[in-house]
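Novice: This is what each chain is made of:
Number of protein chains: 2
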Amino acid sequence: MKMNAYERLLQKSREIVILSSATAVLGWDFETYMPPKGMNLRSEQGALLQRILHQLKTDPENAEIIKAIQSGHKHYDAVQERNIYLFKKEYEEATRLPESLVSDIAKQSTIAVTAWKKAKSKKDWSLFKPELMKTIELHKKRAELLMEVKGAKTLYDAMIDDFEPGMTQDVITKVFDELKAGLIPLTKKCTDASSSLDTSYLSRPVPIEVQRKMAFDIAKFLDYDITSENAGGRIDETEHPFTTGYYDDVRVTVHYHENNVASALYALLHEIGHALYEQNLNPEWKYQPIGEAASMGIHESMSRFVENIVGRTEEFWKFYFPKLNQITSNKFADIDLMDFIRSMNIVKPSKIRIEADEVTYSLHVIIRFEIERDLMADRIEVSELPQIWNEKYEKYLGVEIENDSEGVMQDTHWASGLIGYFPSYALGNVYDGMWLEKINSDIPNWRENISQGDFLTVKNWLVENIHRKARLYEPNELAMKLTGKQLTAKPFIEYLNDKYSRLFGL
Amino acid sequence: MKMNAYERLLQKSREIVILSSATAVLGWDFETYMPPKGMNLRSEQGALLQRILHQLKTDPENAEIIKAIQSGHKHYDAVQERNIYLFKKEYEEATRLPESLVSDIAKQSTIAVTAWKKAKSKKDWSLFKPELMKTIELHKKRAELLMEVKGAKTLYDAMIDDFEPGMTQDVITKVFDELKAGLIPLTKKCTDASSSLDTSYLSRPVPIEVQRKMAFDIAKFLDYDITSENAGGRIDETEHPFTTGYYDDVRVTVHYHENNVASALYALLHEIGHALYEQNLNPEWKYQPIGEAASMGIHESMSRFVENIVGRTEEFWKFYFPKLNQITSNKFADIDLMDFIRSMNIVKPSKIRIEADEVTYSLHVIIRFEIERDLMADRIEVSELPQIWNEKYEKYLGVEIENDSEGVMQDTHWASGLIGYFPSYALGNVYDGMWLEKINSDIPNWRENISQGDFLTVKNWLVENIHRKARLYEPNELAMKLTGKQLTAKPFIEYLNDKYSRLFGL
Chain A
1 MKMNAYERLL QKSREIVILS SATAVLGWDF ETYMPPKGMN LRSEQGALLQ RILHQLKTDP
61 ENAEIIKAIQ SGHKHYDAVQ ERNIYLFKKE YEEATRLPES LVSDIAKQST IAVTAWKKAK
121 SKKDWSLFKP ELMKTIELHK KRAELLMEVK GAKTLYDAMI DDFEPGMTQD VITKVFDELK
181 AGLIPLTKKC TDASSSLDTS YLSRPVPIEV QRKMAFDIAK FLDYDITSEN AGGRIDETEH
241 PFTTGYYDDV RVTVHYHENN VASALYALLH EIGHALYEQN LNPEWKYQPI GEAASMGIHE
301 SMSRFVENIV GRTEEFWKFY FPKLNQITSN KFADIDLMDF IRSMNIVKPS KIRIEADEVT
361 YSLHVIIRFE IERDLMADRI EVSELPQIWN EKYEKYLGVE IENDSEGVMQ DTHWASGLIG
421 YFPSYALGNV YDGMWLEKIN SDIPNWRENI SQGDFLTVKN WLVENIHRKA RLYEPNELAM
481 KLTGKQLTAK PFIEYLNDKY SRLFGL
Chain B
1001 MKMNAYERLL QKSREIVILS SATAVLGWDF ETYMPPKGMN LRSEQGALLQ RILHQLKTDP
1061 ENAEIIKAIQ SGHKHYDAVQ ERNIYLFKKE YEEATRLPES LVSDIAKQST IAVTAWKKAK
1121 SKKDWSLFKP ELMKTIELHK KRAELLMEVK GAKTLYDAMI DDFEPGMTQD VITKVFDELK
1181 AGLIPLTKKC TDASSSLDTS YLSRPVPIEV QRKMAFDIAK FLDYDITSEN AGGRIDETEH
1241 PFTTGYYDDV RVTVHYHENN VASALYALLH EIGHALYEQN LNPEWKYQPI GEAASMGIHE
1301 SMSRFVENIV GRTEEFWKFY FPKLNQITSN KFADIDLMDF IRSMNIVKPS KIRIEADEVT
1361 YSLHVIIRFE IERDLMADRI EVSELPQIWN EKYEKYLGVE IENDSEGVMQ DTHWASGLIG
1421 YFPSYALGNV YDGMWLEKIN SDIPNWRENI SQGDFLTVKN WLVENIHRKA RLYEPNELAM
1481 KLTGKQLTAK PFIEYLNDKY SRLFGL
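If you're matching them up, the sequences are chains A and B in order. Note that my numbering gives residue 274 to position 274 of the first sequence, counting from 1, and the numbers run on in steps of one. Numbering-wise, my numbering comes out as the position in the second sequence, counting from 1, plus 1000.
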């Protein structure tokens, strides 16, 4: 039976998707259980699979398929059109990059990460600077080659498009300016209001075994199945929490700190938020280009919705505080519930992004975005980064950076070559504000359900309105379809103002 | 820089080996940690990787490389010649099989295993018989296509060659007849001598946690590194123990039974015996065709050497008995050491191969070999199998089979299409006898070292004489080079006679 062009497209995609998912399992194993000596073999496996994946994506047959589809007179529905668009975009991007550049970028990434680690541990920016410059040059070259295919107007737009398709630095600048205008004064108010709060009890030791039980609780609450005979998830332990997988096999990891039970709890809420998204993409689109997450920003909106919008509410803690005391032998039974909830929402400007609270987090991200944007447009130079970084931290967060290891060198992203990724984190918050406004109107009593331990109402809403949409729309378009609004930070700012007024009587 | 033909051969092999090793990681994950719902995705991943592997093996460029090497006038050393031979053999075998047959065999394997599971649980041979017949037909067709390339004289020889290259049913028949002639009377004597032994204490419960500590002990004793920063191994838990991996990442699994501590202990000795082999193949040959185990029989000889020849000696228990009592809070402190050692060597003919002792084990295997051999030569028919099986069990082991689930349907091998694999198990014992004779002469005091907890002397001998040889020789040739003898069961029979005389005063 001869397949038509569209069927061939689906078959080709299927192979790409399945091979990617196999590669993800190797990545998971690398982080969890691989014996340390296996490192080189794993690199070889990874590089080979990437090469095969690249061959699949650039197969000349793909061009024939696209041509046959475009020259035919068959009518395609919206889903099929989207699959064709995504398949073609992937093919064009992959073929546009010479293998030598791809390989140079991969090698430079290893070199730069090694230099970054050393520079960070020695607090010596000069050790990292030359490698960062080379990394940036390579990524600029890459972006230049992709600009046309991506329809990007600037190099940085082409970089952003890798993570947030269709998004531009102009749109982000506008929204982040809104965000900044709201967050800077709010940070000041919240910091003052929450500074007198005693949160020392949060470091009371909770044995890792008990925290593992808590992980089961959280998974059950979120309807993330890790125990049944048909379970599609699992929770393992790694240095840094992450989520990986595809539809029926999506795994999260967590790191338990005996003296910081909240850390694992919020990491679990966050990662399972990611996992639910991957598990609940439209099953009809499995193995198709469209059957993927819409963007990193939308992904982050899903994890941060569960972590913050749900997990830092009064209602979540009304439900979970008694349970937490139950499994921890009343470790926090002497603490007033409202005080406990406040301590989960404390605002304290800090130097380190990954330790930031819900209010200041976006400001950390905005600093990185502004630097990337200006760097890619040659408005600033790499050598100026430490100074600019420190000035922005002083200006936006009122924080004084003492050395570059806690400053410009704190994140691994730039060393790894992830330029254009940072905005996703704060876009996640922006999207969340928009989702929240809509869910408040669709399901006015959703918070009450949470206080009764029922997350399903919220989950079903997320599944129906976001997860199931998968990659049918560009992220901005998805937000517009769902909320009827252009991207705006206003709902997120309002949400924070409301919450903090209520909690701290601002 | 242009590569010469031999360099191209090494590069092609490298890809095949690395992709196989990646596939093995997915197999390990499937057995250990994969969420159950991930089953279908994993099958898809496995099938795709097999397809890609097949493409790599049958790449027309491989034929060009072989031709260029053969038509050139370059001199190759023994290692290079062997690499060329193995590369060519793999290419010719892979190209000889039509894709449709490979795919039919894979599908039939799934169908037959499913039917076998059902038939076994219902004790109904008639449910399995038709599927077994189809499986055999497909494998006969496959063997027929491979006979020429493999230089096999019979269909069954072609099947054996998959697992024991160069071995034939005639050689095996001769050696197994020797083995049978020695083992049948020995079984009788040992059974009588050990029948009065009370071994009920072996079922004393030892908590799984304690058995996990024992696993660390055993790994340490065997120099199987699972703990250091450069560890290349690990121990996980699965239904059935197995070993998988490549050089620097070789993992074993075990199943702990609270009421049978000896089960996990011997499974660990066995699997780590396999693992040491894979870890200690010649590192210079990594990623080359020659850098693999010599055969399944040699592999089995490595696992059974550690399990039986080392692990069932008086000397091993002189070393480990006090330690076992230490970690089990003196669970067996009231047992006389010699009685304990005897109980580790008890002989009792049984119906089930995987529960068999060191003496009767080979008889179980010989029964399967004789049936396979005669079946492939059309001297017997599938419908006769239950009857023939039961007669042989009666004749060789004096055991009466009551139903086909504990008889002809006990193993999964035939359902999976593993025809020609069984002989490897008993060949492992035969090789072990030959290794033992040689090590006794090379290192007369090796047993004394074991009693002092020093396995390294033995390990180094195995590494130097067998592991490091990897696939330089065909298995039979390896045995000849090392011992100067043709394959013979005599040393194994002598070893058993000696041991059992000493232990039970036969």
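Simulated from the structure, these hints should not be mistaken for laboratory data. Just so it is clear, CB atoms sit at the ideal spot from N, CA and C, and this is done for glycine as well. Take these hints with a grain of salt, some might be off.
Claimed, not checked - Straight line, CA to CA, 20 angstroms or less: simulated SDA-like cross-link-like pairs of lysine to any residue:
id: 1; chain 1: A; residue 1: 286; chain 2: B; residue 2: 1042
id: 2; chain 1: A; residue 1: 57; chain 2: B; residue 2: 1499
id: 3; chain 1: A; residue 1: 12; chain 2: B; residue 2: 1049
id: 4; chain 1: A; residue 1: 57; chain 2: B; residue 2: 1047
id: 5; chain 1: B; residue 1: 1188; chain 2: B; residue 2: 1499
id: 6; chain 1: A; residue 1: 117; chain 2: A; residue 2: 239
id: 7; chain 1: A; residue 1: 351; chain 2: A; residue 2: 314
id: 8; chain 1: A; residue 1: 67; chain 2: A; residue 2: 103
id: 9; chain 1: A; residue 1: 140; chain 2: A; residue 2: 209
id: 10; chain 1: A; residue 1: 37; chain 2: B; residue 2: 1287
id: 11; chain 1: A; residue 1: 57; chain 2: B; residue 2: 1287
id: 12; chain 1: B; residue 1: 1213; chain 2: A; residue 2: 103
id: 13; chain 1: A; residue 1: 2; chain 2: B; residue 2: 1440
id: 14; chain 1: B; residue 1: 1485; chain 2: B; residue 2: 1088
id: 15; chain 1: B; residue 1: 1057; chain 2: A; residue 2: 103
id: 16; chain 1: A; residue 1: 37; chain 2: B; residue 2: 1037
id: 17; chain 1: A; residue 1: 438; chain 2: A; residue 2: 351
id: 18; chain 1: B; residue 1: 1002; chain 2: B; residue 2: 1063
id: 19; chain 1: B; residue 1: 1037; chain 2: A; residue 2: 244
id: 20; chain 1: A; residue 1: 37; chain 2: B; residue 2: 1049
id: 21; chain 1: A; residue 1: 57; chain 2: B; residue 2: 1050
id: 22; chain 1: A; residue 1: 213; chain 2: B; residue 2: 1209
id: 23; chain 1: B; residue 1: 1002; chain 2: A; residue 2: 40
id: 24; chain 1: B; residue 1: 1037; chain 2: A; residue 2: 117
id: 25; chain 1: B; residue 1: 1012; chain 2: A; residue 2: 40
id: 26; chain 1: A; residue 1: 12; chain 2: B; residue 2: 1047
Claimed, not checked - Chain A side only, calculated, beta carbon under 7 angstroms to chain B, not exhaustive:
id: 27; residue: 24
id: 28; residue: 25
id: 29; residue: 29
id: 30; residue: 35
id: 31; residue: 38
id: 32; residue: 233
id: 33; residue: 239
id: 34; residue: 322
Novice: Take the hints in turn and mark each one as holding or not.
Specialist: So, going through the hints one by one against the coordinates:
no.	hint	verdict
1	A:286 with B:1042	holds (14 angstroms)
2	A:57 with B:1499	violated (62 angstroms)
3	A:12 with B:1049	holds (14 angstroms)
4	A:57 with B:1047	holds (19 angstroms)
5	B:1188 with B:1499	holds (15 angstroms)
6	A:117 with A:239	holds (16 angstroms)
7	A:351 with A:314	violated (28 angstroms)
8	A:67 with A:103	violated (29 angstroms)
9	A:140 with A:209	violated (48 angstroms)
10	A:37 with B:1287	holds (16 angstroms)
11	A:57 with B:1287	violated (26 angstroms)
12	B:1213 with A:103	violated (45 angstroms)
13	A:2 with B:1440	violated (66 angstroms)
14	B:1485 with B:1088	violated (29 angstroms)
15	B:1057 with A:103	violated (25 angstroms)
16	A:37 with B:1037	violated (31 angstroms)
17	A:438 with A:351	violated (33 angstroms)
18	B:1002 with B:1063	holds (18 angstroms)
19	B:1037 with A:244	holds (15 angstroms)
20	A:37 with B:1049	violated (24 angstroms)
21	A:57 with B:1050	holds (19 angstroms)
22	A:213 with B:1209	holds (19 angstroms)
23	B:1002 with A:40	violated (25 angstroms)
24	B:1037 with A:117	violated (38 angstroms)
25	B:1012 with A:40	holds (18 angstroms)
26	A:12 with B:1047	holds (15 angstroms)
27	24	violated (10 angstroms)
28	25	holds (6 angstroms)
29	29	holds (6 angstroms)
30	35	holds (5 angstroms)
31	38	holds (3 angstroms)
32	233	holds (6 angstroms)
33	239	violated (14 angstroms)
34	322	violated (30 angstroms)
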